[in-house]
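Peer 1: Take a look at the letters that make up each chain.
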Amino acid sequence: MEEKPAPIPTGDRLVARPTQLSRRAVLRGVGASVALPWLELMSPTRAWGASGTPPVRVAYFYVPNGVHMPAWRPSDQQLDGDQLGQLSPTLAPLQSLSDYVTVISNLAADHCNGEGAAHEPAGGGFLVGARCKHSEQPEVGGKSIDQTIAQEIGLATPIDSLALGIDPGHRGDHGYSGTYMSHISWRSPTTPVPLELNPRQLYDRLFRGKRIVAPDWNQAPNAQAPSAVESVEASVLDLVREETKSLQRQLGFNDRRKLEEYLEGLHDIERRMALSERDSHSHHQDAFDQDPLQHADEVEIPPLIIPQGKGIPSVYAEHVNLMLDILTLAFQSDTTRVASFMFSYEKSGRAYREVGAPGAHHSTSHHLQKPENFDQLSKINLHHMSLFARMLERMSSIAEGESTLLDNVCILYGSGISDGNQHNHDDLPVLVAGGAGGALRGGRHLKLEQSTPICNLYLDMLAAAGVQREHFGDSTAPLGLIHPTA
Amino acid sequence: MSGSKVMPQPTRTCVNWPIIWSISLVLLCAPGSVYAQPGRDKEELSWDRNVEPMFRRYCYRCHNADESSGDVNLAQDEDPGRILQHQRTWSTALDRLQSGQMPPQDEQQPSHDQRRIMLAFLQETFASRDCDRERNPGRPVLRRLNNIEYDNAVYDLTRLDLHLGKNFPPDPTGYGFDNNAEALALAPAQVDIYYSAAQQIVSALLAERGKNLESVDAIFDVDETGLREFSTQHGLAAEEPPDRQQARVALNRFASHAFRKPVEEFYVNRLLQIYDQGRQQQDSYDVALGHCLTAILISPSFLLRIEDDQPGAIGPYGVSDYELATRLSFFLWSRPPDEELLNVAANGHLHEPAQLRAQTLRMLSDRRNRALVDNFFAQWLDLRRLETHQPDPAVFPEYDAQLQRAMRDEANLILLEIINEDRPLTWLIDSDHTFANARLVNHYGLPPIASETPIRVELPDRRRGGLLSSAALLMLQSDPARSNIPRRGSFIAGQWLGTPPPPPPPGVPPLNTEEQGQARSLRESFELHRSAPTCYACHAKIDPFGFSLENFDAIGRWRDTELGLPIDASASMESGEQFDGIVGLKDYMLSKRETVLEELSRRLMIYSLGRGLEASDQCVVDRMVQAASKSEYRFSALVLELVTSIPFTYRQNPEY
Numbered sequence: 001m002e003e004k005p006a007p008i009p010t011g012d013r014l015v016a017r018p019t020q021l022s023r024r025a026v027l028r029g030v031g032a033s034v035a036l037p038w039l040e041l042m043s044p045t046r047a048w049g050a051s052g053t054p055p056v057r058v059a060y061f062y063v064p065n066g067v068h069m070p071a072w073r074p075s076d077q078q079l080d081g082d083q084l085g086q087l088s089p090t091l092a093p094l095q096s097l098s099d100y101v102t103v104i105s106n107l108a109a110d111h112c113n114g115e116g117a118a119h120e121p122a123g124g125g126f127l128v129g130a131r132c133k134h135s136e137q138p139e140v141g142g143k144s145i146d147q148t149i150a151q152e153i154g155l156a157t158p159i160d161s162l163a164l165g166i167d168p169g170h171r172g173d174h175g176y177s178g179t180y181m182s183h184i185s186w187r188s189p190t191t192p193v194p195l196e197l198n199p200r201q202l203y204d205r206l207f208r209g210k211r212i213v214a215p216d217w218n219q220a221p222n223a224q225a226p227s228a229v230e231s232v233e234a235s236v237l238d239l240v241r242e243e244t245k246s247l248q249r250q251l252g253f254n255d256r257r258k259l260e261e262y263l264e265g266l267h268d269i270e271r272r273m274a275l276s277e278r279d280s281h282s283h284h285q286d287a288f289d290q291d292p293l294q295h296a297d298e299v300e301i302p303p304l305i306i307p308q309g310k311g312i313p314s315v316y317a318e319h320v321n322l323m324l325d326i327l328t329l330a331f332q333s334d335t336t337r338v339a340s341f342m343f344s345y346e347k348s349g350r351a352y353r354e355v356g357a358p359g360a361h362h363s364t365s366h367h368l369q370k371p372e373n374f375d376q377l378s379k380i381n382l383h384h385m386s387l388f389a390r391m392l393e394r395m396s397s398i399a400e401g402e403s404t405l406l407d408n409v410c411i412l413y414g415s416g417i418s419d420g421n422q423h424n425h426d427d428l429p430v431l432v433a434g435g436a437g438g439a440l441r442g443g444r445h446l447k448l449e450q451s452t453p454i455c456n457l458y459l460d461m462l463a464a465a466g467v468q469r470e471h472f473g474d475s476t477a478p479l480g481l482i483h484p485t486a
Numbered sequence: 001m002s003g004s005k006v007m008p009q010p011t012r013t014c015v016n017w018p019i020i021w022s023i024s025l026v027l028l029c030a031p032g033s034v035y036a037q038p039g040r041d042k043e044e045l046s047w048d049r050n051v052e053p054m055f056r057r058y059c060y061r062c063h064n065a066d067e068s069s070g071d072v073n074l075a076q077d078e079d080p081g082r083i084l085q086h087q088r089t090w091s092t093a094l095d096r097l098q099s100g101q102m103p104p105q106d107e108q109q110p111s112h113d114q115r116r117i118m119l120a121f122l123q124e125t126f127a128s129r130d131c132d133r134e135r136n137p138g139r140p141v142l143r144r145l146n147n148i149e150y151d152n153a154v155y156d157l158t159r160l161d162l163h164l165g166k167n168f169p170p171d172p173t174g175y176g177f178d179n180n181a182e183a184l185a186l187a188p189a190q191v192d193i194y195y196s197a198a199q200q201i202v203s204a205l206l207a208e209r210g211k212n213l214e215s216v217d218a219i220f221d222v223d224e225t226g227l228r229e230f231s232t233q234h235g236l237a238a239e240e241p242p243d244r245q246q247a248r249v250a251l252n253r254f255a256s257h258a259f260r261k262p263v264e265e266f267y268v269n270r271l272l273q274i275y276d277q278g279r280q281q282q283d284s285y286d287v288a289l290g291h292c293l294t295a296i297l298i299s300p301s302f303l304l305r306i307e308d309d310q311p312g313a314i315g316p317y318g319v320s321d322y323e324l325a326t327r328l329s330f331f332l333w334s335r336p337p338d339e340e341l342l343n344v345a346a347n348g349h350l351h352e353p354a355q356l357r358a359q360t361l362r363m364l365s366d367r368r369n370r371a372l373v374d375n376f377f378a379q380w381l382d383l384r385r386l387e388t389h390q391p392d393p394a395v396f397p398e399y400d401a402q403l404q405r406a407m408r409d410e411a412n413l414i415l416l417e418i419i420n421e422d423r424p425l426t427w428l429i430d431s432d433h434t435f436a437n438a439r440l441v442n443h444y445g446l447p448p449i450a451s452e453t454p455i456r457v458e459l460p461d462r463r464r465g466g467l468l469s470s471a472a473l474l475m476l477q478s479d480p481a482r483s484n485i486p487r488r489g490s491f492i493a494g495q496w497l498g499t500p501p502p503p504p505p506p507g508v509p510p511l512n513t514e515e516q517g518q519a520r521s522l523r524e525s526f527e528l529h530r531s532a533p534t535c536y537a538c539h540a541k542i543d544p545f546g547f548s549l550e551n552f553d554a555i556g557r558w559r560d561t562e563l564g565l566p567i568d569a570s571a572s573m574e575s576g577e578q579f580d581g582i583v584g585l586k587d588y589m590l591s592k593r594e595t596v597l598e599e600l601s602r603r604l605m606i607y608s609l610g611r612g613l614e615a616s617d618q619c620v621v622d623r624m625v626q627a628a629s630k631s632e633y634r635f636s637a638l639v640l641e642l643v644t645s646i647p648f649t650y651r652q653n654p655e656y
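Note that the protein sequences, when read in sequence, are chains F and E. Using our numbering, read the first sequence as starting at 1 and increasing by one per residue. Using our numbering, read the second sequence as starting at 1 and increasing by one per residue.
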């Protein structure tokens, strides 16, 4: 880690050390036209009010093959209430952030069960809350929770959501498509969100040709609607849309749906173009260009080192860090508010030699109660957790008005499998991090009733994102984690 | 092709176990098979009166919707028609019944006569499928170009090595392939990525413009001849300004190439409106044309393989020659048709069997056939993981990038030889030579050679030769530090013989055979099996293959001992068949070559059509196997039978 600003506790809230101002543009291509994305999006569904309060961003982090639960479970039985005491070995990297962490025990994902296969439906079904179809042609039981939220609040940002990962995945087994194991985010039962693995391409798609700017959350947003764009680019998209629509009329039902998604994609591009079009005329833009003091809002770009060539670091941890830095940047600049991330695909056989776990992860997860396997699993779990903690720490150092980015996120970290040897989908390893805009109090260990549906937690996260919903999947009632501040 | 009877092959009895039950149930569920109901005239074989009660008593009790032992539900098929739809499942049932593996020993057994009747009924039912009358092309699918096809298509259009698709989000897979129509969804983020890629392509073209790159200039420039030809064919309005005429011809050419068929005039006119708009804002000719190229490159007609319906058509109809050219070329080359193929299509001759065969053979011997190795074989045999598989350096310090490349080259050259020189597919199992460089012969313990590049090497014995005993394949089915007996076994049972084991029941740990290099622990493991029948049922079916490969370590090197103890590579199947080591396994696999070929045919068909198979597709699979058997198992025989089949050359309207 470059700079690791220690959060300064003030009362019950952490305030980050003021961000050091820097115009360092480490990446090529940073600096042309600018987006102030949050300014223009005045869609009525937006999650925050006219006060300019930073919105809550939600994310879902997935670890495959379950975790070694004895090293995960907080050993706080002796503590009063739900206080989260000394963290377990796997959770130890979160110690300095524990006020932002809620560990939740006894959640279950019945929808991760599948006819004769454990890993496929665990990945594919995890965020969907319904069972996956037993098929080589992937079909999950509905829309995943992140996409459900993205559909509601995604219009407020240039990119509605991100689905990020590290490894491309593997063929399926036992009559299940491999897609289930590599994709947790689903726009529709048959459409997984494309999984972005390449940091360079991701960065280019989000930020190329733009000066990255964080919104000034103290300002009330400007309520003007985006204007129509009359550029050649717009005409190009018009033509493709016409063409798509005319093709659509000739196709069967399923294929028409495919083109429907295509049209939506074209629409997203247009919306983004309309945004940047308006940006260039906004007075904020002028101010940025003219008044050096206004550079206060320019994002301090972390030293993203994107390797030459393919653009993917060869060291796992560097790849993860780079992806998470870009994710952080996307949240900070309000480029998107919804994301998912997979540390690897379900049933991954990645070897983590660099942390002393040379066995294939999946093989090791079938530990057969052998201490050496437990040892390797704990090391893998700890490694993932350290990378996650590093991101949270970065977020805690990014100021957003009076709060930090960490105060305004609500991030789930977990797996659809508990014990990799048993493939059980109850007693899941799950925690939630972030302040959810002040609505989520951390430092807790929630010991729920056995087999409480994880979809109950999704209800809380829906509430945190400001989305009104009474049911999701097999939910019974929210866990009551979210207490909106007045 | 005449009266192919779908009879279970005699060689498949006894030792053939669990079919891809689960897959087959999913696969074979489309209606529309042509069958004649057997047994109506013969009381003995009457389903309702005689046969069904037998199945109910001896099979359904464990294989029903609630219990479905081994993931098999037979009880759902309440009439012979349904049995035909689920033929793969039922032909396994036939095998089991015939070999006496089913019903299990501890269950009620049918009498000899009852067994005979049940078998006769199934054989008659399978034989009743009338493949001569079978004309079901299967459900029509809409295929998006996958990332590899996209890169190839862009290269063919621009001759620029941009490889943008390599960095796209990975393509979802279905049936083990990344070109499955249903799995290749088209989410909005994907469109964004295509858009950004199209802009990069056009920027690259504009950047290369005027650098004497003929291929790039040929996109923008139109000479007198080009104008004249266009004018003769389509007409050019005299009042149209020269630059616009030039743009018209250039766009017509580029779009036709990109869409793999001639484009209509109104589309070019729409493109020209964009061109005009660019010119009005003072863009140069090149830049204005570039806007139009972007539009073409994000058009669904480029990114998707759209086939036209025949409005009002009730039954199946032959696809157009252009569509056939596209099907053929993406199948064999993973790329759009080349000029020659398009010309045959333009002349309307491609659907003629002689032309189709000639073009297929031409394409099979063209170096672009490499796509079959990289995309079909490498996915079928899981060889793509070679790039990412990491043996444990603490155990195998000698493994490095050179060795990895030597392994990959060997596998590729074995496959390329079979395709290029049309050699027997049995060479996948066994061959008297291989392709190796100095490093690999050293790895294999063969007499040294000097060559750094792989060359043909004659083999002194049968321990190497073929893919089955190649280091690449053996290593990839191992763990980083040690061989993995059940994984290797399951791989051979599933990918080669089409009979993957059913998944382990929940809560039961997979058998840990990782340390069974020792004879003692091997025996121990069998004892463990016996003590846990749930494990035994499956592992007895896969482990023998793995045992026979125990002479190969986790990087595919030969070993006679492990940890000082001699390797026991003997294996015995449930059927009682026994074999020893890799040579024994090769003989066993050669004796099952038609089964291997059938599985290969099935996978090739899935790959070529971009969809799972339907019941009627079994007719084509059978013909492919027959054709190959008759021609010394040549790959071309398999391919020719496939590309001339109804599913490959016909389509039907989708359900609206």
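Since the hints were made in silico from the structure, they are not lab data. Even glycine gets a Cβ: it sits at the ideal position worked out from N, Cα and C. Incorrect hints may appear among the rest.
Simulated crosslink set (EDC-like; lysine to aspartate or glutamate; CA at most 20 angstroms straight-line) [claimed, not checked]:
no. : chain 1 : residue 1 : chain 2 : residue 2
1   : E       : Lys-166   : E       : Glu-307
2   : F       : Lys-245   : E       : Asp-161
3   : F       : Lys-379   : E       : Asp-161
4   : F       : Lys-245   : E       : Asp-374
5   : F       : Lys-310   : F       : Asp-167
6   : E       : Lys-166   : E       : Glu-387
7   : F       : Lys-245   : E       : Glu-307
8   : E       : Lys-166   : F       : Asp-268
9   : F       : Lys-245   : E       : Asp-392
10  : F       : Lys-379   : F       : Asp-474
11  : E       : Lys-592   : E       : Asp-568
12  : F       : Lys-379   : F       : Glu-402
13  : F       : Lys-310   : E       : Asp-309
14  : E       : Lys-211   : E       : Asp-221
15  : F       : Lys-245   : E       : Asp-221
16  : F       : Lys-310   : E       : Glu-387
17  : F       : Lys-245   : E       : Asp-192
18  : F       : Lys-245   : F       : Glu-260
19  : F       : Lys-447   : F       : Asp-99
20  : F       : Lys-245   : F       : Asp-268
21  : F       : Lys-245   : E       : Glu-655
22  : E       : Lys-166   : F       : Asp-99
Some chain E residues close to chain F (C-beta under 10 angstroms, calculated; not the full set) [said to hold, decoys possible]:
no. : residue
23  : Ile-201
24  : Ala-204
25  : Ser-284
Peer 1: Hint by hint, say whether it matches the structure.
Peer 2: Status of the hints after comparison with the structure:
With a C-alpha separation of about 26 angstroms, the suggested pair E/Lys-166 and E/Glu-307 falls outside the 20 angstroms cut-off, and the hint is violated. A C-alpha spacing of about 32 angstroms is found between F/Lys-245 and E/Asp-161, which places the hinted pair above 20 angstroms, so the restraint is violated. Our distance criterion of 20 angstroms between C-alpha atoms is broken by F/Lys-379 and E/Asp-161, whose separation comes to about 42 angstroms. Among the hinted pairs, F/Lys-245 with E/Asp-374 is inconsistent with the structure: their alpha-carbon atoms are about 35 angstroms apart, more than 20 angstroms.
Of the supplied pair hints, the one linking F/Lys-310 and F/Asp-167 holds, its CA atoms being roughly 14 angstroms apart against a limit of 20 angstroms. Annotation: proposed proximity of E/Lys-166 to E/Glu-387 holds, straight-line Cα distance about 14 angstroms (limit 20 angstroms). For the proposed pair F/Lys-245 and E/Glu-307, the alpha carbon gap of about 16 angstroms is at most 20 angstroms, so the pair holds. Under the criterion of a C-alpha separation no larger than 20 angstroms, the hint pairing E/Lys-166 with F/Asp-268 is inconsistent with the structure, at around 23 angstroms.
The hinted pair formed by F/Lys-245 and E/Asp-392 fails the criterion: a straight-line CA distance of about 53 angstroms is larger than 20 angstroms. Restraint check for F/Lys-379 and F/Asp-474: not satisfied, since their Cα atoms lie roughly 33 angstroms apart, outside the 20 angstroms limit. The hinted pair formed by E/Lys-592 and E/Asp-568 fails the criterion: a straight-line CA distance of about 24 angstroms is larger than 20 angstroms. With a C-alpha separation of about 37 angstroms, the suggested pairing of F/Lys-379 with F/Glu-402 is violated against the 20 angstroms cut-off.
With a CA separation close to 41 angstroms, the supplied pair F/Lys-310 and E/Asp-309 exceeds the 20 angstroms bound. With a C-alpha separation of about 13 angstroms, the suggested pair E/Lys-211 and E/Asp-221 falls inside the 20 angstroms cut-off, and the hint holds. A distance of roughly 32 angstroms separates the Cα atoms of F/Lys-245 and E/Asp-221; the hinted pair therefore is violated under the 20 angstroms criterion. For the hint linking F/Lys-310 to E/Glu-387, the alpha-carbon distance of about 14 angstroms falls within 20 angstroms, and the restraint holds.
Using a Cα cut-off of 20 angstroms, the hinted pair F/Lys-245 and E/Asp-192 holds, with the two alpha carbons roughly 18 angstroms apart. A C-alpha spacing of about 9 angstroms is found between F/Lys-245 and F/Glu-260, which places the hinted pair at or below 20 angstroms, so the restraint holds. As the CA atoms of F/Lys-447 and F/Asp-99 are separated by approximately 17 angstroms, the hinted pair is consistent with the 20 angstroms bound. Between F/Lys-245 and F/Asp-268, the direct Cα distance comes to roughly 16 angstroms. Compliance with the 20 angstroms bound is thereby established for this hinted pair.
For the suggested pair F/Lys-245 and E/Glu-655, the alpha carbons sit about 18 angstroms apart, so the restraint of at most 20 angstroms is met. This hinted pair does not check out: E/Lys-166 and F/Asp-99 have alpha carbons roughly 42 angstroms apart, beyond 20 angstroms. This hint is violated: E/Ile-201 has a C-beta 13 angstroms from the nearest C-beta of chain F, more than the 10 angstroms allowed. Using the Cβ-Cβ criterion of 10 angstroms, the hint placing E/Ala-204 at the interface with chain F is not satisfied: the shortest such distance is roughly 14 angstroms.
Interface hint status for E/Ser-284: violated, as the beta-carbon distance to the closest one in chain F is roughly 13 angstroms, over 10 angstroms.
Taken one by one, the earlier hints fail for this structure at numbers 1, 2, 3, 4, 8, 9, 10, 11, 12, 13, 15, 22, 23, 24 and 25, listed in ascending order.
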